[in-house]
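Engineer: Here the protein sequences come in this chain order: A and H.
The numbering of the first sequence is numbering that gives the first Met the number 0, which starts it at 0 and goes up by one.
The numbering of the second sequence is numbering that gives the first Met the number 0, which starts it at 0 and goes up by one.
Just so you know, these hints were derived from the structure itself, not from any lab.
Ideal Cβ positions, reconstructed from N, Cα and C, are used throughout, including at glycine.
Some hints here could point you the wrong way.
What the hints assert, rightly or not - Non-contacting residues of chain H with respect to chain A, defined by C-beta distances greater than 10 Å in every case (computed):
1) Phe-106
2) Ser-136
3) Lys-204
To be verified - To spell it out: a stretch of chain A is covered by chain H in this simulated footprint if at least three of its residues, at any positions, have a beta carbon under 8 Å from a beta carbon of chain H; those stretches are:
4) 75-82
5) 160-166
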Amino acid sequence: MRRINIARFLEFEYKDNIIFKLDPRVKLITSILYMVLAIVLNDVSLLAIMLIPLIVITLLARVLVKFAKSMLTLSPFIALILIVNYLTLNSLTGSLIPVLRFILFLAAIDIFFFTTSPDDFGISLEYMRLPLSISLSFMLALRFIPTMATLVNDILDAQLSRGLKIDQGGFMKRIKNIMPVIIPVIILSIKKSIEVAESLEVRGLNPYSKHTPYVELNISKNDILFLAINIIIIVSLVMLSILNIRFFCF
Amino acid sequence: MISVEGLYFSYTGRMDDLVLDNVSLEIREGEALAILGDNGAGKTTLIKHFNGLLKPTKGVVYVDGVDTRRASVSELSAKVGVVFQYPEKMFFNKTVYDEIAFGLRNFGYNEKTIERIVDNVLSIFWLSKYKYESPFSLSGGEQRRLAIASVIAWNPKYIILDEPTAGQDAIQRELITNLINIFIERGKTVVIVTHDVEYVAENFKRVILMDRGRIIYDGEVSDLFRRRSLLERCNLLQPTIYKLESRLIEDGILKDGFRDFRDALRKIEDLIKSVKIDEED
């Protein structure tokens, strides 16, 4: 049975470089813009070109290996999108578009989450006037992913040590096999969330009262430069799309 | 016998990121062994190699001559019963009976045998009255005993316990340590990972001390607990009995050190008897 290594690449790991130091709001806006662009563009060549700035950002942030690992993890899903679209559309170009869109979406999400701590993400949402109950829920959910993966691995180890054969049998049997892992995970997750809620309440958290953020966010020159460069790229790609300019022929 | 030969292990597979660094040891049948060390020393990682949950990055682990890389966790678990830290978090069954029967069913015992074994185990662990209760309704100490019972049930040859008394009150600790001592007295091979130096001083002869993935001491408990600098290096305190020994030697009251815990008790008793109490005082 393969251990769940999801925590390895989802865990936030700080690196001292320009991308990590950017304002989380700037990174969030940039990522959202790239995701919107991935939907707007409807041409394989432009979508492929769009990958270049995103890869450059992962290189600058030194998260290319992490990004490659996340892509590798989702590669069966990417292959499935390609096959299903090819079978329905009977066109390679047509089936490449959803694949590229998926990869671009993933790249934009990865860049944001690999370079932004859950705390910074929560603060940026708060600064964007989202209610504390929502921003805090997002932040806690993100923080909980590696904890949950560790929990799953611990329970898996304990049950395998009691002779559980998780990889045996047909589909239904395998689902049944996983129950001794799923049930304790659910119980412990609920217990954990109650503990977190209580610990927040006893420290005076009230999502409906006014409070001061514990970190001040300031836009720097680098933030403006980063946003400006990306907006230029995005606008250029939109223009190329509007003018119907193609770079490769399929 | 469990034999570990030149074991290196890294979670990332990289040799510059080792959690276990050239670990070699032998655990003989019927032996009681304590593994001590600071947090992150690699104790739990080491015991996960005994039932094949982790496979060596380099080196070999043999269980009764079987290379753990060539056996499944299930095959090895039949011989090596591992009780992890806070084992009560693995509960998922509706009743205490089913929780103990889970491992037995996995190892292919028939229901009649399972019922007999479960009844026996429940009485050993003082849990008979909870047979059809939910495991989640038990107290913390009872849950811990149930978790240990659910591994002991299939009578593994080697019993490995990771911090079995962690988070327990004094009475529950006493109950659990008494149970472990019963296994030791019955000739089971028992390996215990712990920070509890008092418990080790009282009940074990052989001890292994780990620091940053390496074994830095493998030998007699009485010898290790006299090496204060080695203990301090691993953030461990000297057990009370050995603190008393060095004080008695310093004051010239005791000439030779204690051989073991029982010898210490005997010598202290003799010392108390030899003290003449001045009636006027």
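Engineer: None of the hints should be skipped; say for each whether it holds.
Structural biologist: The hints, checked one at a time:
1. With a least beta-carbon separation of about 5 Å from chain A, H/Phe-106 fails to lie farther than 10 Å from that chain, contradicting its non-interface assignment.
2. With a closest Cβ-Cβ approach of about 13 Å to chain A, H/Ser-136 is found to remain outside the 10 Å limit, as its non-interface label requires.
3. No beta-carbon of chain A comes within 10 Å of the beta-carbon of H/Lys-204; the shortest separation is about 26 Å.
4. Restraint check on the segment 75-82 of chain A versus chain H: 0 residues with Cβ-Cβ distances below 8 Å, three needed, restraint violated.
5. Check result for the segment 160-166 of chain A against chain H: holds, 5 residues qualifying (beta carbon to beta carbon below 8 Å, three or more required).
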